[in-house]
Amino acid sequence: MGQFQLGPSTKLVSLAIRVKDRDKMIAFYRDIIGFSLKSEENALAIMGTDNHPEERLLLEESPRADDHFRKTKKLQHIILQVPSLPELAAIAARLATQESEYQVHVTEATVTVNLKDPEENQWVISYQKEAADQLVDAADLVCDQTDTSIRLTEAIQFVGVALNVLDQNVQQTFLADQLGFELNQQAELHSPTLSFVVTANQVSDPTVALTSDEVIGLEFIKFVLDQNDLLALEKNLLDSDYDFFIDKKKSVLTVYDSVGVEWWFERTN
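Numbering (my numbering), first residue to last: 171 to 439.
Hints listed in this document are in silico derivations from the structure and should not be mistaken for laboratory results.
Note that CB positions come from ideal geometry on N, CA and C, so glycine has one too.
Among the clues, some could well be false.
Quick list of in silico lysine to aspartate or glutamate cross-link-like pairs, EDC-like style, CA-CA up to 16 angstroms [stated by the list, open to error]: (1) 194 - 257; (2) 405 - 347; (3) 286 - 271; (4) 286 - 396; (5) 190 - 220; (6) 181 - 396; (7) 299 - 257.
Simulated restraints, written as ranges between beta carbons of each label pair [unchecked claim]: (8) 221 - 410: 40 to 50 angstroms; (9) 269 - 417: 43 to 53 angstroms; (10) 405 - 343: 12 to 22 angstroms.
Given only the sequences and the hints, what does the whole structure look like? Please build it.
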């Protein structure tokens with residue numbers, strides 16, 4: 171074990187969040203964050219970016235799930251990277267207009283907006299600064315932004331997720347042995363083939379161990395990959411005797427981590 175890595179075709183495409191009030195959440199992610207609503211199928215709302223067909227965010231309504239507000243849930247935060255400062259500034263300006271709670275942080279390298287959605291899912295939306303950027307301080311991000319109609323573009327990337335877990339070592343072992351992630355000096359797990367990091371934050375609240383249909387919040391993380399890489403992942407899971415599901419056509423493989431977040435891999439060819 172420890173030698174497996176996700177193959178080079180692997181790409182993180184979307185996240186799914188189980189929600190209590192789908193209409194309210196659609197409005198927030200469309201009107202404030204800047205996603206576009208692609209389709210609605212029964213309890214599922216599929217969101218993406220304008221002029222691009224790829225799904226990026228799925229909202230699954232589950233009105234009977236317990237919201238557990240102000241409790242510790244599986245998701246600590248999601249990190250979304252945007253390709254331009256105007257995209258980030260427009261989000262901050264829309265948040266300010268709605269009097270939503272958010273914070274702006276500016277460093278030499280990045281500008282980030284930290285926020286919570288209406289059901290307390292936390293997001294860190296980040297922009298990597300370039301030499302030509304003239305941002306002076308955090309206030310400028312909103313004050314200098316006059317065009318609040320700017321929406322997310324297809325170049326956005328999910329670059330990280332922080333999960334709350336009951337046993338940090340168990341979660342790190344899952345990510346390392348089953349999915350080939352490696353621990354870096356910042357105590358983050360990253361995949362050499364993905365621009366994506368995972369942080370496992372150890373907590374004691376048993377809420378994080380509830381199954382995903384019992385509590386709202388992060389449900390699954392979805393990747394696409396080619397047939398060879400999917401079969402290599404299947405072999406690694408078989409060799410380690412780790413429980414997983416793969417359909418008969420070997421087009422979809424799913425595996426659960428230590429707190430019940432589903433890692434979903436879908437074949438592209």
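Where does the structure disagree with the numbered hints, that is, which hint numbers, in rising order?
Of the numbered hints given earlier, those the structure breaks are 1, 4, 5, listed in rising order.
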